[in-house]
Amino acid sequence: MSARKAIFARLKRTLDEVHNPTVRISGADQRIREANANIIPARGQTEGPARAAMFVSEAEAADAEVMRLAALADVPRFVHDILIQAGASQIKAAPHPQLQDLDWTGVGIHYGRGENSDHIGLSVALAGVAETGTLVLASGPQSPTTLNFLPDVHVVVLEEENIAANYEAVWATLRAQKTEGPVMPRTVNWITGPSRTADIEQTLLLGAHGPRKLIILLIDGKNP
Amino acid sequence: MEQISPRIGLFVTCLVDLMRPSVGFAALRLLERAGAEVVVPPEQTCCGQPAYNSGDVEDARAIAKTVIEAFEGFDVVVAPSGSCTGMIVEHYAKLFENDPTWKARADNLSGRTQELTQFLAQHLDLNEISAQFDGSVTYHDSCAGLRELGIKDQPRKLLATVDGLVLKEMDDIESCCGFGGLFSIKYPDVSGAIVDKKASNVEAAETDLLSGGDLGCLMNVAGKLKRRGSNVRVYHIAEILAGMTDVPALGEDEA
Amino acid sequence: MTHEPHCHDFQKGAADALNNDQLQELLNRTLKNGFQKKRLNGMARLPEYDQLRDQARDLKNHILDHLDAYLERFELEVQKAGGHMHWAEDGDQARAIIGDICKKVGAKTVTKGKSMIAEEIDLNDYLAEQGIEPIETDLGEYIIQLRNELPSHIIAPAFHLSKNQVAETFREHHQHLDADRSLEEPTTLLNEARKELRDRFLKADVGITGANFLVAETGTAMIVTNEGNGDLTQCLPPVHIALTSIDKVVPTLEDATLLLRLLARTATGQEQSVYNTFFTGPKREGDLDGPDEFHIVLLDNGRTELLGSEFRDILRCIRCGACINHCPVYGVTSGHAYGWVYPGPMGSVLTPFFVGIEEAHLLPSASTFCGRCQDVCPVRIPLPDLLRNWRNRAFAVGKPGGAQRLALKVWAMLAQRPGLYHVTARFKIWAMKSLAGKRGHFKWFIGAGGWTKARDLPAPQGGTFQSRYQKGER
Chain A
1418 MSARKAIFAR
1428 LKRTLDEVHN
1438 PTVRISGADQ
1448 RIREANANII
1458 PARGQTEGPA
1468 RAAMFVSEAE
1478 AADAEVMRLA
1488 ALADVPRFVH
1498 DILIQAGASQ
1508 IKAAPHPQLQ
1518 DLDWTGVGIH
1528 YGRGENSDHI
1538 GLSVALAGVA
1548 ETGTLVLASG
1558 PQSPTTLNFL
1568 PDVHVVVLEE
1578 ENIAANYEAV
1588 WATLRAQKTE
1598 GPVMPRTVNW
1608 ITGPSRTADI
1618 EQTLLLGAHG
1628 PRKLIILLID
1638 GKNP
Chain B
352 MEQISPRIGL
362 FVTCLVDLMR
372 PSVGFAALRL
382 LERAGAEVVV
392 PPEQTCCGQP
402 AYNSGDVEDA
412 RAIAKTVIEA
422 FEGFDVVVAP
432 SGSCTGMIVE
442 HYAKLFENDP
452 TWKARADNLS
462 GRTQELTQFL
472 AQHLDLNEIS
482 AQFDGSVTYH
492 DSCAGLRELG
502 IKDQPRKLLA
512 TVDGLVLKEM
522 DDIESCCGFG
532 GLFSIKYPDV
542 SGAIVDKKAS
552 NVEAAETDLL
562 SGGDLGCLMN
572 VAGKLKRRGS
582 NVRVYHIAEI
592 LAGMTDVPAL
602 GEDEA
Chain C
691 MTHEPHCHDF
701 QKGAADALNN
711 DQLQELLNRT
721 LKNGFQKKRL
731 NGMARLPEYD
741 QLRDQARDLK
751 NHILDHLDAY
761 LERFELEVQK
771 AGGHMHWAED
781 GDQARAIIGD
791 ICKKVGAKTV
801 TKGKSMIAEE
811 IDLNDYLAEQ
821 GIEPIETDLG
831 EYIIQLRNEL
841 PSHIIAPAFH
851 LSKNQVAETF
861 REHHQHLDAD
871 RSLEEPTTLL
881 NEARKELRDR
891 FLKADVGITG
901 ANFLVAETGT
911 AMIVTNEGNG
921 DLTQCLPPVH
931 IALTSIDKVV
941 PTLEDATLLL
951 RLLARTATGQ
961 EQSVYNTFFT
971 GPKREGDLDG
981 PDEFHIVLLD
991 NGRTELLGSE
1001 FRDILRCIRC
1011 GACINHCPVY
1021 GVTSGHAYGW
1031 VYPGPMGSVL
1041 TPFFVGIEEA
1051 HLLPSASTFC
1061 GRCQDVCPVR
1071 IPLPDLLRNW
1081 RNRAFAVGKP
1091 GGAQRLALKV
1101 WAMLAQRPGL
1111 YHVTARFKIW
1121 AMKSLAGKRG
1131 HFKWFIGAGG
1141 WTKARDLPAP
1151 QGGTFQSRYQ
1161 KGER
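Chains as they are written, first to last, in our numbering: chain A, 1418 to 1641; chain B, 352 to 606; chain C, 691 to 1164.
Check the hints yourself; a few may be wrong.
To be verified - Label pairs and their computed distance ranges (CB to CB):
no. : chain 1 : residue 1 : chain 2 : residue 2 : range
1   : A       : 1521      : C       : 838       : 29 to 37 Å
2   : B       : 501       : C       : 892       : 32 to 40 Å
3   : C       : 709       : B       : 358       : 36 to 44 Å
4   : B       : 520       : C       : 823       : 51 to 59 Å
5   : C       : 1088      : B       : 478       : 36 to 44 Å
Stated by the list, open to error - On the chain C side, residues computed to face chain A include the following (Cβ under 8 Å):
no. : residue
6   : 877
7   : 878
8   : 994
To be verified - Listed next, the in silico EDC-like pairs over lysine to aspartate or glutamate satisfying Cα-Cα at most 20 Å (straight line):
no. : chain 1 : residue 1 : chain 2 : residue 2
9   : C       : 1133      : B       : 540
10  : C       : 853       : C       : 823
11  : A       : 1422      : C       : 982
12  : B       : 445       : C       : 983
13  : C       : 1133      : B       : 458
14  : C       : 722       : B       : 604
15  : C       : 893       : C       : 762
16  : C       : 1133      : B       : 547
17  : C       : 798       : C       : 1075
18  : A       : 1422      : C       : 858
19  : C       : 1143      : B       : 603
20  : C       : 1133      : B       : 522
21  : C       : 1123      : B       : 604
22  : C       : 1128      : B       : 458
23  : C       : 728       : B       : 540
24  : B       : 519       : B       : 540
25  : B       : 445       : C       : 982
26  : C       : 728       : B       : 522
27  : C       : 722       : B       : 423
28  : C       : 727       : A       : 1618
29  : A       : 1422      : C       : 983
30  : C       : 1143      : B       : 547
31  : C       : 1123      : B       : 525
32  : C       : 885       : A       : 1451
33  : C       : 722       : B       : 605
Just so you know, these hints were derived from the structure itself, not from any lab.
Idealized CB from N, CA, C, for every residue including glycine.
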């Protein structure tokens, strides 16, 4: 008997004592179909400016740096300053149209996946989650996952209107975006602050294997 | 405060019976002050935890039956121990899952049983506690009382009525003292290290007294305090509330 | 490293730990003022914490009742997303499956994200025997791999080591580096490990991670890390294998979210772990990175048997480590004394199941039943009850035996015969009191050597309560 068959036979023997197989399958199908949210804490139900404010304070509490920009067009100027401050001459950016359409005159920008030699990486977040100051990045041709982890400094562009109150809202967005094929891209990263470890005497140290620094460029919402 | 004049069965517990009868007499006095008729059935021995916690279900069940029978007919059963009360209240019924008759009797006893400070806080007119103790006390919440029965406020409320008594809480208050019944004998090194931490927290509270509601835990900590050469004296809360701190403290030499 | 269990040596392991002053200092510093305090702070920031725990418990129970249905759905969705599913009944099968995948692509090195399941099936040893070099990438796991040790904690594998010990280990194993370099600062140690491992990440042929949760709805597996190591492991090598067990499945992304709101907060007091990485199938068309091949190896290893046993509730466990962090016994023995992969209360429930109660009977009884583990568990597992179930099984197979068992039996016989009990008690207390005289405590007492080894024994007041009460004393 195959391992799969044996495992399912044992499961069936035990589980049949509670529900018959039909009830189990319909019960599971129903829960998946409905995909109901569980309890969403009050802190995950913010609206308007309070939502962005919570995102910022939570992200900062997780040691991310947040810079507020009036418009997307300001991104190159901020990146320029970040490069100067880091003593770097170029940035590796996700080949995202929102970035590619900007005027990068005077900034050394290259597009592609992350490489070990990349000191600074630039990505666009799918969303932010206010309740914990978390960024959500979804992999795709415009958003290589390696950029989220290999560079020392990760700069992420996030538009204020893409800040969701809670994680559930982001799942809903992902489901809504997808018309065919799997709902989920290859990789979805929730990122809350820069990489860290406490494995040596439980002392918190930033910059374990991922970025030592996480900078969020938060683009102000269009409707104040 | 509920006014009742119930018939109470006092479950002395084996440790009080053997090691420190004054706790039993203190409990008697306090319960009588609450207006109760108190009886100590001679058919009681132990709640059965040593067997139950060793995996000896059969003996635990037999001992539980002895206790259930001994306390049939009382309105309320009170024990000066969170651990023994927890055994009756939380665990007896589990022993009789396949025996509806005895399970019903176990459930019935469970519904009637309370730990001493639980009962007193609920039923005793606090003015009736006329005890006096001039000094500071730190209180150890034993684990079974704290987590199985939710006892935390009751002993503090009662101690607050004692003239002259100042309560000072110790650090790491919710941690176990390392007694654990037979655990203390089977794993002496581990138990000893845990109680050492508790004893040092007791000492750091800089009080005259340590009190608690479980003689097992108190013997454990008192034994450690003595071994460490500490001067902190140890009394069961019943002794303090009944004004019986004139007897030597736990582990203390007689004059 | 082979994980031969040595749980029967618990007493010796505990004694070693107790005699290790440095370890005791570390435990004191990092448990109460570290993990415990952080959890309290985290809880304080989420008023709905207890409600979430109830919901998480109910969710896990629902999953266990519908486990085959969710696993089938998960499998279907993994395959739809282009991933390969493998089922393994035990460690041997899981190792063979992983070995085959590695051999097929001619793998020389494998990077590993932290995985307790890999520890459970002793994967590293097997890979090494096959000529494949396994490289642990979690800093703690990397350190203990170099030292050829077992993890001492499920979320902090090198919990038992001081920074000086880590420095010594690095000096010994990173011999290509300047022998006189300073390794005083933890940051220096971290940077050295980061540098050493970065190259390995880039060159690995296969990446193996565990999974914290599997989402049936989408065929997604996910990992939780703070370092970003598992995350690099899942996206750099051309082949990614997620090795995990059947109890990790959840229905939907929303359900995974519920558990993620609890996991980090309970474990480390963080609002969220730094990286929660959800992966579904291999890289997609047009993707610039990600693995070409994606495999899920789903291990049973007796969990289907646990499901039908009195230990079923342990399958709710989400491996946060809170029970370990709050256990008074773990707090002085650390993890290695437990003698196998999983320490602390959850370990004392799991280990006897994997290695047998004969080998592990000391673990379930190495608990004071203080109940704090159950109190802090995010999915409300009644750990003391489960430990007790093991004690019952142990007693049934003759553990404890010898004098301990005899003494217990004699006492139990008396306890069922009140008349005889009280006579015996009176005599025993008379004898004890006579020996004590006016002394209030014994430094040593016959038959109580275990007790007096650790503390003095308070002497009895004299006379049993029952005898004094019968004489009319009030």
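Verification of the supplied hints:
1. The beta-carbon spacing between residue 1521 of chain A and residue 838 of chain C, approximately 51 Å, falls outside the hinted interval of 29 to 37 Å.
2. For residue 501 of chain B and residue 892 of chain C, the Cβ-Cβ distance of about 56 Å falls outside the hinted range of 32 to 40 Å, so the restraint is violated.
3. Checked against the hint of 36 to 44 Å, the pair residue 709 of chain C and residue 358 of chain B fails, with Cβ atoms roughly 55 Å apart.
4. Between residue 520 of chain B and residue 823 of chain C the CB atoms are about 54 Å apart, so this pair conforms to the stated range of 51 to 59 Å.
5. Distance hint for residue 1088 of chain C and residue 478 of chain B: a CB-CB separation of about 57 Å, inconsistent with the stated range 36 to 44 Å.
6. At its closest, the beta carbon of residue 877 of chain C sits 6 Å from a beta carbon of chain A; the interface hint therefore holds under the 8 Å criterion.
7. The restraint placing residue 878 of chain C at the interface with chain A is violated, with a minimum CB-CB distance near 10 Å, outside the 8 Å limit.
8. Because the closest C-beta pair between residue 994 of chain C and chain A is about 4 Å apart, less than 8 Å, the hint holds.
9. With a C-alpha separation of about 16 Å, the suggested pair residue 1133 of chain C and residue 540 of chain B falls inside the 20 Å cut-off, and the hint holds.
10. Proposed proximity of residue 853 of chain C and residue 823 of chain C is contradicted: the alpha carbons are some 26 Å apart, above 20 Å.
11. Between residue 1422 of chain A and residue 982 of chain C the CA atoms are separated by roughly 28 Å; this puts the pair beyond 20 Å, and the hint is violated.
12. A hinted pair counts as satisfied when its Cα atoms are at most 20 Å apart, and residue 445 of chain B with residue 983 of chain C does not qualify at roughly 51 Å.
13. Using a Cα cut-off of 20 Å, the hinted pair residue 1133 of chain C and residue 458 of chain B is violated, with the two alpha carbons roughly 42 Å apart.
14. With a C-alpha separation of about 36 Å, the suggested pair residue 722 of chain C and residue 604 of chain B falls outside the 20 Å cut-off, and the hint is violated.
15. Taking the CA atoms of residue 893 of chain C and residue 762 of chain C, the gap is about 35 Å. The hint is violated against a cut of 20 Å.
16. Straight-line distance between C-alpha atoms of residue 1133 of chain C and residue 547 of chain B comes to about 16 Å, which keeps the hinted pair within the 20 Å bound.
17. Note on residue 798 of chain C and residue 1075 of chain C: the hinted pairing is violated, with a Cα-Cα distance of about 46 Å set against a maximum of 20 Å.
18. Of the supplied pair hints, the one linking residue 1422 of chain A and residue 858 of chain C is violated, its CA atoms being roughly 49 Å apart against a limit of 20 Å.
19. The suggested pairing of residue 1143 of chain C with residue 603 of chain B holds, with an alpha-carbon distance near 19 Å, which does not exceed 20 Å.
20. With a C-alpha separation of about 28 Å, the suggested pairing of residue 1133 of chain C with residue 522 of chain B is violated against the 20 Å cut-off.
21. For the hint pairing residue 1123 of chain C with residue 604 of chain B, the CA-to-CA distance comes to about 12 Å; that is within 20 Å, so the pair holds.
22. A C-alpha spacing of about 44 Å is found between residue 1128 of chain C and residue 458 of chain B, which places the hinted pair above 20 Å, so the restraint is violated.
23. With a C-alpha separation of about 29 Å, the suggested pairing of residue 728 of chain C with residue 540 of chain B is violated against the 20 Å cut-off.
24. For the hint linking residue 519 of chain B to residue 540 of chain B, the alpha-carbon distance of about 29 Å lies beyond 20 Å, and the restraint is violated.
25. Restraint check for residue 445 of chain B and residue 982 of chain C: not satisfied, since their Cα atoms lie roughly 54 Å apart, outside the 20 Å limit.
26. The hinted pair formed by residue 728 of chain C and residue 522 of chain B meets the criterion: a straight-line CA distance of about 16 Å does not exceed 20 Å.
27. Distance hint between residue 722 of chain C and residue 423 of chain B is unfulfilled; the C-alpha atoms sit about 45 Å from each other, more than 20 Å.
28. About 16 Å separates the Cα atoms of residue 727 of chain C and residue 1618 of chain A, which keeps this hinted pair within 20 Å; it holds.
29. Among the hinted pairs, residue 1422 of chain A with residue 983 of chain C is inconsistent with the structure: their alpha-carbon atoms are about 24 Å apart, more than 20 Å.
30. Distance hint between residue 1143 of chain C and residue 547 of chain B is fulfilled; the C-alpha atoms sit about 13 Å from each other, no more than 20 Å.
31. As the CA atoms of residue 1123 of chain C and residue 525 of chain B are separated by approximately 34 Å, the hinted pair breaks the 20 Å bound.
32. A distance of roughly 46 Å separates the Cα atoms of residue 885 of chain C and residue 1451 of chain A; the hinted pair therefore is violated under the 20 Å criterion.
33. Straight-line distance between C-alpha atoms of residue 722 of chain C and residue 605 of chain B comes to about 39 Å, which puts the hinted pair past the 20 Å bound.
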